[in-house]
Amino acid sequence: MKIDNRIAVRALARSLLIVLLLCIAAAQAFSQADFYKGKTIRILRGGGPGGSGEFQTRALMRVLEKHIPGHPNLLLVFVSGAAGRKAANMIYSSTPPDGLTIGSIGAGLVVGPLLGLPGSQYDLDKFIYLGSTDSGDPYVFYTKADAGWDNLAKLQAASGIRFGAHAVGHPVYVTGRMVAYLLGLKDPKFVTGFTGPEIYIAMERGELDAHATGAARFVIEKPEWIDKKSIHLHATLTVPKGRHHPKFANLPEFGSFAKSDRERKLLDMFRAFQYPRWPFIFPPGTPQEPVRIIREAIRKSFADPEFRVEFTKLMGDPPAPLNGEEVEQAIKELPRDKEVVELYKQMAGGGPLPAR
Numbered sequence: 001m002k003i004d005n006r007i008a009v010r011a012l013a014r015s016l017l018i019v020l021l022l023c024i025a026a027a028q029a030f031s032q033a034d035f036y037k038g039k040t041i042r043i044l045r046g047g048g049p050g051g052s053g054e055f056q057t058r059a060l061m062r063v064l065e066k067h068i069p070g071h072p073n074l075l076l077v078f079v080s081g082a083a084g085r086k087a088a089n090m091i092y093s094s095t096p097p098d099g100l101t102i103g104s105i106g107a108g109l110v111v112g113p114l115l116g117l118p119g120s121q122y123d124l125d126k127f128i129y130l131g132s133t134d135s136g137d138p139y140v141f142y143t144k145a146d147a148g149w150d151n152l153a154k155l156q157a158a159s160g161i162r163f164g165a166h167a168v169g170h171p172v173y174v175t176g177r178m179v180a181y182l183l184g185l186k187d188p189k190f191v192t193g194f195t196g197p198e199i200y201i202a203m204e205r206g207e208l209d210a211h212a213t214g215a216a217r218f219v220i221e222k223p224e225w226i227d228k229k230s231i232h233l234h235a236t237l238t239v240p241k242g243r244h245h246p247k248f249a250n251l252p253e254f255g256s257f258a259k260s261d262r263e264r265k266l267l268d269m270f271r272a273f274q275y276p277r278w279p280f281i282f283p284p285g286t287p288q289e290p291v292r293i294i295r296e297a298i299r300k301s302f303a304d305p306e307f308r309v310e311f312t313k314l315m316g317d318p319p320a321p322l323n324g325e326e327v328e329q330a331i332k333e334l335p336r337d338k339e340v341v342e343l344y345k346q347m348a349g350g351g352p353l354p355a356r
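Start counting the sequence shown at 1; every next residue gets the next number (the numbering used here).
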């Protein structure tokens, strides 16, 4: 009888424990839903309308809302300036850490503080990383066909080739500068202040000659330029290393023009800066509850087939996303070799290109 009583007591204890755990889980689910129910989350996009930055953000937004308990409204707000660093400064210094504002910055977030670029008034290691919709993006370099530069020798003989870019320090700007540096172009000009679509318009108007841009979006946005051979394709930069866009896999890779280990390390640093390609962030000091909720919602969004379809449709390539912990680790592992950083700073800055 005593043995039967002990068994009964243990069974009752187990039942009570199961009930308690179920109650805790139900309470947590209720608190998560209650946290965001009826609220609006602002997503600050570090750039203007149009182009890859907006499209990859919208691909995530399309599915993110349904995966956040409480189903808050999502509002996209554009903050242009300093290759996304203006938006990063706002999130770092003047945004309440209440879980209601998410930054969508792009690779400009990373390079600013590591290179000491102007307008980088934030500590990269203090942001809270929520995920990245992609982990790289190959680039392609092309020129207008009517300029007649259909081979390397003609490019190197030309002078004053005008590259279009968004802002000093922006990946498109840096890529163009590295093209000019590695190919030894004469007196290249780097014209900034454009959005992505505006660069195409300026090319058509004859205001620009050259452009180095994300390969996948270029294929979607200007397929007729490729099909009608109204441009000359010259080289590609694989990001991360070895990731070609299939359309440009036959082009020479930037690394083939590097003459030294230092220059190869420069390209590797660019690739590393692009690895968390589109990081989403919370301000420092955001409480654990919203961080956990949004990280989990983004993780579920990345696993949602609808996200993959939408991202591929808008961006041209399927996504290779990173969760919040993976982005955080990538930030910690960024290369910070002083000699290469100094060379990269010259690439990302507004001064003359260094001598080789």
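If you're looking for bench data, these hints aren't it; they were derived computationally from the structure. Warning: the hint list may mix true and false statements.
Cut-off 35 Å, straight-line C-alpha distance, at most; resulting in silico cross-link-like pairs (DSBU-like, lysine-lysine) [claimed, not checked]:
1) K126 to K154
2) K229 to K144
3) K154 to K86
4) K247 to K265
5) K229 to K154
6) K186 to K126
7) K66 to K300
8) K338 to K300
9) K229 to K247
10) K154 to K37
11) K259 to K300
Have a look at the derived ranges for each label pair, beta carbon to beta carbon [to be verified]:
12) G81 to E325: 27 to 35 Å
13) D34 to G193: 43 to 51 Å
14) S93 to G38: 40 to 48 Å
15) E325 to L152: 15 to 23 Å
16) S94 to D227: 25 to 33 Å
17) V77 to K228: 33 to 41 Å
The beta-carbon is built from N, C-alpha and C at its ideal position, and this holds for glycine as well.
Verification of the hints:
Distance restraint check for K126 and K154: the Cα-Cα separation of roughly 47 Å exceeds the 35 Å cut-off, and the hinted pair is therefore not satisfied. For the given pair, K229 sits about 9 Å from K144 by alpha-carbon distance, which is consistent with the 35 Å threshold. This hinted pair does not check out: K154 and K86 have alpha carbons roughly 39 Å apart, beyond 35 Å. A threshold of 35 Å between alpha carbons decides the hint, and for K247 with K265 the separation of about 26 Å falls inside it, so the pair holds.
At roughly 17 Å between alpha-carbon atoms, K229 and K154 fall within 35 Å of each other, so this suggested pair holds. A threshold of 35 Å between alpha carbons decides the hint, and for K186 with K126 the separation of about 41 Å lies outside it, so the pair is violated. Restraint check: the Cα-Cα separation between K66 and K300 comes to about 10 Å, which is no more than 35 Å; the hinted pair holds. Distance restraint check for K338 and K300: the Cα-Cα separation of roughly 39 Å exceeds the 35 Å cut-off, and the hinted pair is therefore not satisfied.
This hinted pair checks out: K229 and K247 have alpha carbons roughly 14 Å apart, not beyond 35 Å. Straight-line distance between C-alpha atoms of K154 and K37 comes to about 61 Å, which puts the hinted pair past the 35 Å bound. With a C-alpha separation of about 44 Å, the suggested pairing of K259 with K300 is violated against the 35 Å cut-off. The hinted window of 27 to 35 Å between G81 and E325 holds, with their beta carbons roughly 30 Å apart.
Range check, D34 to G193: about 45 Å between beta-carbon atoms, so the 43 to 51 Å window is met. Taking 40 to 48 Å as the suggested C-beta distance range, the pair S93 and G38 does not conform, at roughly 28 Å. Against the hinted window of 15 to 23 Å, the Cβ-Cβ separation of E325 and L152 comes to about 43 Å, which falls outside the hint. Judged by the Cβ atoms, the range 25 to 33 Å given for S94 and D227 is violated: they are separated by roughly 47 Å.
Restraint check, V77 to K228: a C-beta distance of roughly 38 Å satisfies the suggested window 33 to 41 Å.
When each numbered hint is compared with the structure, violations occur for hints 1, 3, 6, 8, 10, 11, 14, 15 and 16.
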